[in-house]
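A.B. asks: Let chain A serve as the given structure and place chain B on it in line with the hints.
Chain order of the listed sequences is A and B. Residue numbers for the first sequence follow the numbering used here, so the first one is 1 and each next one is one higher. Residue numbers for the second sequence follow the numbering used here, so the first one is 1 and each next one is one higher.
One or more of the hints may lead you astray.
[What the hints assert, rightly or not] Pairs of lysine to aspartate or glutamate residues, derived as EDC-like cross-links and limited to a Cα-Cα distance of at most 20 Å, are as follows:
#  : chain 1 : residue 1 : chain 2 : residue 2
1  : A       : K92       : B       : D293
2  : A       : K388      : B       : D348
3  : A       : K99       : B       : E246
4  : B       : K492      : A       : E82
5  : B       : K250      : A       : D97
6  : B       : K275      : A       : D442
7  : A       : K458      : A       : D316
8  : B       : K399      : B       : D293
9  : B       : K275      : A       : E412
10 : B       : K250      : A       : E82
11 : B       : K492      : A       : E427
Please keep in mind that the hints were generated in silico from the structure rather than gathered at the bench. Given the structure is predicted, the values throughout are model-derived calculations rather than measurements.
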Amino acid sequence: MTCKNSFLVGLVALLCAAGPARASYDEKNYCQERSRGDVRSLCAGRTLPYDQVRNKKNHELVCTSNVDNYVRFPQTQVSHEEWSGLISANQKQAAYDLKRKLPAIEWSGTIPYETVEEWDYEECERVTQSVPCGTHQVCENVEHDVPTYDTDGKQTGSKKVKEKVCNDEPNTCWTDVTHGASQFCSNESMKFSARYERPSTAEWNINSPNFMDVIPNKYDLLPGETEVVQVYNTSRRSTRLSPSVEIGDAWNKYDTSRITGTAVGATCRQNSNYSFDLTVRTIERDAGKASPNAFRFPVDWEGNAIEPIVWKSANDRRSGKTVDKAVPIKVQLDDTSAGIISLMAEQSRRNAEREATKVAVGKGANAKDRAEFQKIGKKTDGYWKSTKVRVKLYRQVKYWWDTFRGAEKVAEIDAISPTMNFLATNEEVKFSDLWAIPLTADGGNSDPKTFRGIFDSKHMKPNRAYTLEVSVYQPHVPFYKQSCDDNPKQSWRCKKFWRALGMGIGEDRYFSKPLKVPFRAPKEYDGRGWFKRSWISNAPDNFMTWIFGGDVKLDSEKGMGKKK
Amino acid sequence: MKLYRTSIVLAAILATSVSCSSLEYGSNSTRAFREIASKDPVAPFFMQGYPIQIAPGSYNFNALDQTKVADYVLKQFEKVRGEDRAIIENAIKSLNEKYVAMTTLVYGNGGLSQKSVNSSANPASSSGKLTVRDVMQLQLDFDRNLSLFANDVATIDALPQMLSAVRYEPNLATAAVDQLAGNLKNVNFEQFKTYYSGQVSNLKSAIDRMDFGILLPSGAPFMQHGLSDLTELKKQKLFSARDIQELQLKVGRLRAAMNTVNTGIAQTMHPAMLKMLRNVITQFGERNRYRTDENDSGRKQAIKNIEELFYVRSGLRAKYGIPLGAIKVNYTMYAGNADKMLSTLVLDAGIARSIDELTTDQNNLFNALEGLNYRSARALFKPGRTFFSRVSGIVSMLKGQSNTVAIKTVLLPFLLQDVAEEVMLSTSAGWNGVLDGYKKRYNTKDGGDWAAARMMYFPKTTEKTGSAQQTRMDVDSIIGLKNVADLLFSSKLADISDARDIEKQLEALQMADAIFKEVGARNDDL
Chain A
1 MTCKNSFLVG LVALLCAAGP ARASYDEKNY CQERSRGDVR SLCAGRTLPY DQVRNKKNHE
61 LVCTSNVDNY VRFPQTQVSH EEWSGLISAN QKQAAYDLKR KLPAIEWSGT IPYETVEEWD
121 YEECERVTQS VPCGTHQVCE NVEHDVPTYD TDGKQTGSKK VKEKVCNDEP NTCWTDVTHG
181 ASQFCSNESM KFSARYERPS TAEWNINSPN FMDVIPNKYD LLPGETEVVQ VYNTSRRSTR
241 LSPSVEIGDA WNKYDTSRIT GTAVGATCRQ NSNYSFDLTV RTIERDAGKA SPNAFRFPVD
301 WEGNAIEPIV WKSANDRRSG KTVDKAVPIK VQLDDTSAGI ISLMAEQSRR NAEREATKVA
361 VGKGANAKDR AEFQKIGKKT DGYWKSTKVR VKLYRQVKYW WDTFRGAEKV AEIDAISPTM
421 NFLATNEEVK FSDLWAIPLT ADGGNSDPKT FRGIFDSKHM KPNRAYTLEV SVYQPHVPFY
481 KQSCDDNPKQ SWRCKKFWRA LGMGIGEDRY FSKPLKVPFR APKEYDGRGW FKRSWISNAP
541 DNFMTWIFGG DVKLDSEKGM GKKK
Chain B
1 MKLYRTSIVL AAILATSVSC SSLEYGSNST RAFREIASKD PVAPFFMQGY PIQIAPGSYN
61 FNALDQTKVA DYVLKQFEKV RGEDRAIIEN AIKSLNEKYV AMTTLVYGNG GLSQKSVNSS
121 ANPASSSGKL TVRDVMQLQL DFDRNLSLFA NDVATIDALP QMLSAVRYEP NLATAAVDQL
181 AGNLKNVNFE QFKTYYSGQV SNLKSAIDRM DFGILLPSGA PFMQHGLSDL TELKKQKLFS
241 ARDIQELQLK VGRLRAAMNT VNTGIAQTMH PAMLKMLRNV ITQFGERNRY RTDENDSGRK
301 QAIKNIEELF YVRSGLRAKY GIPLGAIKVN YTMYAGNADK MLSTLVLDAG IARSIDELTT
361 DQNNLFNALE GLNYRSARAL FKPGRTFFSR VSGIVSMLKG QSNTVAIKTV LLPFLLQDVA
421 EEVMLSTSAG WNGVLDGYKK RYNTKDGGDW AAARMMYFPK TTEKTGSAQQ TRMDVDSIIG
481 LKNVADLLFS SKLADISDAR DIEKQLEALQ MADAIFKEVG ARNDDL
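If we strip away everything but chain A, and leave its shape as in the complex, we get (with noise of 0.2 Å):
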């Protein structure tokens, strides 16, 4: 039962006195009237619903958020090949100015929101509580036992009492409770123009403490890195618009700080247009991430891809047939950050070479200069491009995490395969090598006596789908996150006794993530042991099979699928 409006109170107060008798106290009516029908909006061109308008208050406009992504890539407009020969042949500057050359990185764009009405009206509503009611005593006379007892003080027994017990229960009176509402108002959009602030040379230069070759302009992504740019109109819904930025997988600690124009802390209004300028600016490269994923499936000089997986043929023990596409023996994968690195790593030795021959003459880097060094994690010992990836095998299952399957590590002298890639005109491919990376022991692995693959003891379930996820990890790169045994001294989770607990480096923290190379069993091969094919072992795989459902298409199936 409720009382809507107050000319009905009256009637109604006379309904509810003649109800239960209970109520040993007058419903009381704490209702106010302080406004009603006032059904102005803020909106141009819209009321507000007659019936949601009784003592309007906090009536306000407020803008939703919303954003805008952009994902940002490394820049490829400068030849490498003139780049890095200006680098080999130490023409620092040079190389620094060209690479400055580079197009800025600007991008500007729209983001939709909407601005909408809110307000809070009330209601004269019958409730129970103590505010504004009011409390009543309600009494009882309640009966209960009493243990007596005798002089020397033992029990003997028990009698009646009666008590009264009084507590304070809340009268039920009328009052306003408050509701809020909300009504959709417009569709506004907000214009941006982003760019990435590239330091000046007197800021940046190759005489900088952290500087590198590699990023000249600060900023820069070497390859395999990527960034996402996510503008927002305003970080949260508010009267006042607050526009954000927020970098996604950074490379980089950047200051989004410096946003201007008419937007900045603009009121939320109708037909607005709000506009805002943004600058990120570069404080200094990450060096705590792991290594990205530079791999790309392989395509020849001319552009034309190349089928990843490489199968061996052999003898399926059931059927007695030889089946072409068996076993897969190697993955083949473009490396596409080879070029970038080895150059890196040539530089370091260089470097090093020189450091020894500073400290040889007596002309060693001062104690500053060497924090400086080891801050970014440059090291003063050169090192080697020694790339190392890991391939993992996973069963991919309907409705459920893929199951893993096995795993293998595979550094370069095993897996790097002759190409023609320098012949190609699309520079990524150029310099870029190719991984044919071994599952088996006779994949292209020179030492099958140490080497087990992935596929030399696991065996496939036939006609399932799997997937090889492979990552990369380049051990010494000052940039990425390094392994314990590669830089023992960055953490105290290197220390013998934290390792020995299990609390070192995680392989995951410096291992990429995954590129992931789906594909599916042959049908007639089947590699697996007798018990391995038993009933047996198979039960709970066919339990949870038939439970989550089993097999899952391909994209390269489900695209098959619908042609025909």
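C.D. replies: Frame of chain A; chain B shown alone:
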């Protein structure tokens, strides 16, 4: 050719004596004639078809029916006259076309004349002025076209060979014996030649009278008279300091762009070489544990392949003088030569390039080789081996490493030689040192084992090439790898040549520009 043959036939008909043949091929032709005539003595030879081999000489026609001869001769006369006319017309037509093109270049729309007028009309204004580069380009274009045209004019009379026949008027009634003239190039083109030569020099002098207004990079105007003499222009300051700096930088960049070569070698020859070496060690070493060496021919062939690969590397260094980089190896050395028994050599993926890296490499390889010899399981009882050496030999035999040690002992000297050459290229011994070493090893007096290999990989310019093998361009064969390297190095030389051109443009000819000739000569030297 057709004209030549017709005329020969005609001349042959007119000639009437066999006896006084004065030309060297007269006797052959006579024989041919006799042969044909003997088949049917009644019919004249021209009714039987032309004797193909009849050439200038003397022939006897007295025995033939003179009326029919006259009839034939007149018909042939007419035919030849028509062909001759066509030839002369064509020659003149093509010459005229070229002349028109030349004139257009000078007087046509956008031609030199118009450029001259536009650029020199108002000497003070900078509008319409040409740049120095424009003028140099104009001079180049004009000179090239003019010399082509002059060449055509000069060689016009080299075209028609047999036109003498046109003016040849035989008298059949009187000539019993007729002599065929030896020199047939008698047509007089002098008239055309004189005319067009005159036109050429007219054009030249017309250009020389033209003025070209040039805006120098400094902003000052300059008036160039004619195009034949640019000395005054060249005395001006033709490049701004900024231009010069940019060009110098470009020269630096071109010379520094060694990365293509390095990348190319790192992607092709280097991994292929590593794979070959590691595969040979695996096949004839690691997989041969506790086995006798049965596949002797295969082993020999594999070693031969490796040797050939290193021969190619040596040859490439000798030919171009550009370093290839050596395989990086790891080897741990212990005090007291303990590594001879303990350490193994590990091939690495890296490429050693700098002197320091190469020195380390050389030392590692040398010590590894010493160690391998020390613990060789072969010739255990050879006199001169120390006791511990023999023990090490027995140990490696017991460990099943005797074949691995043996194959490595064979392969390491190649790697050592490779490193030595690489070092040589960056020292004072240099390119010539490598070339001398190459010759000493592979170019013995009779060529030795390497004659066939040299023919295959580094054929001299005079030698016939073009087998399918030699055109291979891949990473699966030694010749393919060699061709890839050839391509890489010659592209590098192209860069050097570009750099040199720019330097020439800067008139700073201090560079050793004989490099191309030298490389060309190297092939013959190898």
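A.B. asks: Next, verify each hint and record whether it holds.
C.D. replies: A quick look at each hint next to the structure:
A hinted pair counts as satisfied when its Cα atoms are at most 20 Å apart, and K92 of chain A with D293 of chain B does not qualify at roughly 55 Å. Our distance criterion of 20 Å between C-alpha atoms is met by K388 of chain A and D348 of chain B, whose separation comes to about 13 Å. This hinted pair checks out: K99 of chain A and E246 of chain B have alpha carbons roughly 15 Å apart, not beyond 20 Å. Proximity of K492 of chain B to E82 of chain A is assessed by CA-CA distance (about 12 Å); at most 20 Å being required, the pair is judged to hold.
A threshold of 20 Å between alpha carbons decides the hint, and for K250 of chain B with D97 of chain A the separation of about 12 Å falls inside it, so the pair holds. In summary, the hint linking K275 of chain B to D442 of chain A is supported, as the alpha carbons are separated by about 13 Å, within the 20 Å threshold. Taking the CA atoms of K458 of chain A and D316 of chain A, the gap is near 16 Å; set against the 20 Å cutoff, the hint holds. Of the pairs offered as hints, the one joining K399 of chain B and D293 of chain B holds, with about 16 Å between alpha carbons and a cut-off of 20 Å not exceeded.
Restraint check for K275 of chain B and E412 of chain A: satisfied, since their Cα atoms lie roughly 12 Å apart, inside the 20 Å limit. Of the supplied pair hints, the one linking K250 of chain B and E82 of chain A holds, its CA atoms being roughly 10 Å apart against a limit of 20 Å. The straight-line distance between the Cα atoms of K492 of chain B and E427 of chain A is roughly 17 Å, inside the 20 Å bound, and the hint therefore holds.
When held up to the earlier numbered hints, the structure conflicts with hint 1 and nothing else.
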